[in-house]
Amino acid sequence: MTKFARLALAGLLAMAAGGIARADDAQKAKVGVLRLSSSAPVFIAQDKGYFREAGLDIELKFFDAAQPIAVATTSGDVDFGITAFTAGLYNLAGKGTLKVIGGMSREKAGYPLIGYFASNNAYAAGLKTPKDLAGKRIAVTQVGSSFHYSLGLLADKYGFKLADVKVLPLQSLSNAAAALKGETVDAALLPISTARSLVDSGGAKLLGWVGDETPWQLGAVFASPKTLTNKALVTKLLAALARADREYHDVILASVKDGKAEINDKTKPLLEIIAKYTNLPVEQVIGNCAYIDPDGKLDVKNVGNQISWLQEQGFVDKGFAADAIIAKEYVKAD
Amino acid sequence: MLERAPQQTLGDGSRPRPVTFRGAGFMPSGGRLSGWIALVLVIALWQFAGSAGWVNPLFLPAPSAIAVAIYKLAMSGALWQHVSASVVRIGSGWLLGTVAGVIVGFAIGLSTLARGVGITFISALFPIPKIALLPLLILWLGIGEEPKIATIALGVFFSTAISVYSGVDAVPRNLIRMAQSFNVPFHAIVRRVIWPGALPSILAGFRITASVALLLVVSAEMIGAQFGIGAFVLQAGNLMQTDQLLAGVVILSLFGLAVGKAINVLEAKLLHWR
Chain E
1 MTKFARLALA GLLAMAAGGI ARADDAQKAK VGVLRLSSSA PVFIAQDKGY FREAGLDIEL
61 KFFDAAQPIA VATTSGDVDF GITAFTAGLY NLAGKGTLKV IGGMSREKAG YPLIGYFASN
121 NAYAAGLKTP KDLAGKRIAV TQVGSSFHYS LGLLADKYGF KLADVKVLPL QSLSNAAAAL
181 KGETVDAALL PISTARSLVD SGGAKLLGWV GDETPWQLGA VFASPKTLTN KALVTKLLAA
241 LARADREYHD VILASVKDGK AEINDKTKPL LEIIAKYTNL PVEQVIGNCA YIDPDGKLDV
301 KNVGNQISWL QEQGFVDKGF AADAIIAKEY VKAD
Chain V
1 MLERAPQQTL GDGSRPRPVT FRGAGFMPSG GRLSGWIALV LVIALWQFAG SAGWVNPLFL
61 PAPSAIAVAI YKLAMSGALW QHVSASVVRI GSGWLLGTVA GVIVGFAIGL STLARGVGIT
121 FISALFPIPK IALLPLLILW LGIGEEPKIA TIALGVFFST AISVYSGVDA VPRNLIRMAQ
181 SFNVPFHAIV RRVIWPGALP SILAGFRITA SVALLLVVSA EMIGAQFGIG AFVLQAGNLM
241 QTDQLLAGVV ILSLFGLAVG KAINVLEAKL LHWR
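Going down the list, the protein sequences come from chains E and V.
Note that the first sequence ends on residue 334 in the UniProt record's numbering; no numbers are left out.
Note that the second sequence ends on residue 274 in the UniProt record's numbering; no numbers are left out.
Bear in mind the hints are in silico, worked out from the structure with no lab data behind them.
Treat the hints with care, since some could be wrong.
Said to hold, decoys possible - No more than 30 Å apart at the CA atoms, straight line, and that leaves these computed lysine-lysine pairs for DSS-like: (1) V:Lys72 with E:Lys166; (2) E:Lys95 with V:Lys72; (3) E:Lys318 with V:Lys72; (4) E:Lys166 with V:Lys261; (5) E:Lys260 with E:Lys226; (6) V:Lys261 with E:Lys161; (7) E:Lys157 with E:Lys30; (8) E:Lys131 with E:Lys257; (9) V:Lys130 with E:Lys181; (10) E:Lys95 with E:Lys318; (11) E:Lys226 with E:Lys28; (12) E:Lys318 with E:Lys301; (13) E:Lys157 with E:Lys260; (14) E:Lys260 with E:Lys332; (15) E:Lys181 with E:Lys61; (16) E:Lys136 with V:Lys130; (17) E:Lys30 with E:Lys257; (18) E:Lys95 with E:Lys257; (19) E:Lys157 with E:Lys131; (20) E:Lys260 with E:Lys297; (21) E:Lys61 with E:Lys30.
Said to hold, decoys possible - Reference listing, derived: stretches of chain E covered by chain V, where coverage requires no fewer than 3 residues with Cβ under 8 Å from a Cβ of chain V: (22) 110-123; (23) 204-217; (24) 220-232; (25) 293-303.
Unchecked claim - If we take Cβ atoms under 7 Å as the criterion, some of the chain V residues that face chain E in the derived model are: (26) Leu139; (27) Met222; (28) Gly224.
In this text, a Cβ means the ideal position worked out from N, Cα and C, and glycines have one as well.
Construct the entire structure; sequences and hints are all you get.
Given below as structure tokens:
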């Protein structure tokens with residue numbers, strides 16, 4: 001009987017050890033992303049096997065808006081989220097359900113991402129530069145979105161009050177584009193991917209790019225506190241991402257001229273990977289290459305500014321600052 | 001086949017057998033208290049789950065947190081702005097949709113031509129989700145009050161038209177024939193026979209369309225609304241302020257209760273002959 005028990009125990013231990021060994025081989029994790037080129041390094045790391053080489057078995061989960069990624073990370077449906085900062089994300093993070101572990105896309109001069117667009121009538125009536133947006137009717141997707149914050153930064157830069165602008169939340173990009181085309185708003189903040197066809201067909205006029213006016217930290221990598229306890233997993237993921245960040249920066253971003261990446265022997269394979277994951281033709285991918293820091297650094301100071309701006313507007317609950325939502329042991333500050 | 005209770009046949013068969021009354025049941029009466037007690041119990045359990053820490057307040061805020069959110073909203077004065085903006089939209093949208101729906105419904109119920117054309121169009125257009133039309137509505141009507149009212153009116157119109165013409169169809173034909181045999185003129189038959197005959201199902205339709213209007217106010221206020229209960233719910237959702245989100249939902253369902261009561265009163269007044 002004892003002999004049998006020992007045997008069974010040994011067997012169990014062996015099985016458990018085997019299980020651990022296999023788990024070590026490839027740690028499984030789910031990453032929530034948008035099908036946008038601002039998540040390009042994630043696609044590169046996945047497609048070129050950088051995650052696998054780091055000992056990770058990553059499953060990408062695709063979402064259609066930034067907010068659900070934050071919610072899914074909180075609820076544990078995905079282990080990591082990679083998307084833009086929103087007021088909703090900060091509200092979740094402020095309650096301690098999320099922590100920022102790294103930087104992703106940025107608004108930076110020379111890399112078009114979000115733009116200010118004027119309707120044809122408003123343009124004809126003298127709305128020619130971003131500075132003229134003071135006092136106009138401007139469509140954004142949602143209150144507290146990246147677009148709303150970009151507008152707030154612009155107001156600070158040119159010294160007009162955001163309260164003087166009539167901000168109209170239309171809930172979706174297609175609604176905002178329709179309002180702009182239908183001349184019912186003077187201007188709208190739209191990502192280049194939505195606005196390109198509108199501008200090309202003569203439905204709206206480009207006033208400028210947010211990156212040129214007010215650079216800021218647009219996106220980040222974040223995780224739930226539960227995921228953060230698994231230090232090995234987080235370190236491996238960030239290392240694989242940093243490798244892809246570096247490659248994306250040195251190959252694609254280095255070739256960007258006039259807001260467009262070059263198509264050559266070096267950039268083509270990477271552009272094709274991005275095209276594959278974003279379901280866009282390569283000709284469109286080259287026009288919206290988001291800037292991403294080569295070392296995956298996060299502009300901590302700007303994150304603090306975003307939080308205090310959103311708190312001032314009443315979109316984010318008061319009582320916490322950037323320190324509370326950033327996992328310092330992982331973040332490389334800028 | 002229905003099972004019958006075993007019958008005890010008595011030997012002599014002459015004496016009458018006492019039979020218990022079997023006619024009860026199948027008549028649910030509106031209990032005054034049971035509904036409220038159930039509501040209070042559910043809310044108490046919900047509050048208890050929240051205070052005991054069984055559920056994360058982010059995922060399901062406790063009723064007390066929702067009450068605090070409503071109180072804060074009321075104190076800041078924003079509640080009245082939201083409610084009044086929404087009431088105007090719901091009221092005018094519902095009224096427009098209902099008037100158009102009643103007219104079209106009667107036309108379909110009374111004329112052959114209108115029936116052929118009307119039913120085809122209603123069947124074709126009713127199932128279109130109004131939210132899918134939002135970008136088009138913005139192009140046609142801009143982003144002022146018009147597209148918001150139009151969204152609600154469209155939703156109300158189809159349900160009203162359908163309930164009105166089925167109500168007209170359901171008026172007993174022999175009543176109409178009798179009026180005709182007494183040589184009552186057409187307009188009087190419509191007013192005195194068909195209208196009261198169709199009224200019960202028209203009012204039942206109102207009960208549905210009033211709720212439809214409340215449902216649609218959220219999608220209507222997706223179109224650049226700064227105030228309104230729908231806009232408030234959307235904003236709270238966008239900002240992940242779940243207590244405020246549920247506060248907005250509670251206000252909407254209070255609206256629903258109030259409208260239900262109003263229709264009860266209307267039914268008691270208009271249908272007293274039943």
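Here's how the hints hold up against the structure:
no.	hint	result
1	V:Lys72 with E:Lys166	25 Å, holds
2	E:Lys95 with V:Lys72	20 Å, holds
3	E:Lys318 with V:Lys72	15 Å, holds
4	E:Lys166 with V:Lys261	39 Å, violated
5	E:Lys260 with E:Lys226	40 Å, violated
6	V:Lys261 with E:Lys161	46 Å, violated
7	E:Lys157 with E:Lys30	39 Å, violated
8	E:Lys131 with E:Lys257	25 Å, holds
9	V:Lys130 with E:Lys181	20 Å, holds
10	E:Lys95 with E:Lys318	11 Å, holds
11	E:Lys226 with E:Lys28	14 Å, holds
12	E:Lys318 with E:Lys301	18 Å, holds
13	E:Lys157 with E:Lys260	27 Å, holds
14	E:Lys260 with E:Lys332	28 Å, holds
15	E:Lys181 with E:Lys61	33 Å, violated
16	E:Lys136 with V:Lys130	29 Å, holds
17	E:Lys30 with E:Lys257	35 Å, violated
18	E:Lys95 with E:Lys257	42 Å, violated
19	E:Lys157 with E:Lys131	9 Å, holds
20	E:Lys260 with E:Lys297	23 Å, holds
21	E:Lys61 with E:Lys30	7 Å, holds
22	110-123	violated (count 0)
23	204-217	violated (count 0)
24	220-232	violated (count 0)
25	293-303	violated (count 0)
26	Leu139	4 Å, holds
27	Met222	4 Å, holds
28	Gly224	4 Å, holds
Violated hints, listed in ascending order, are 4, 5, 6, 7, 15, 17, 18, 22, 23, 24 and 25; each of the other numbered hints is respected by the structure.
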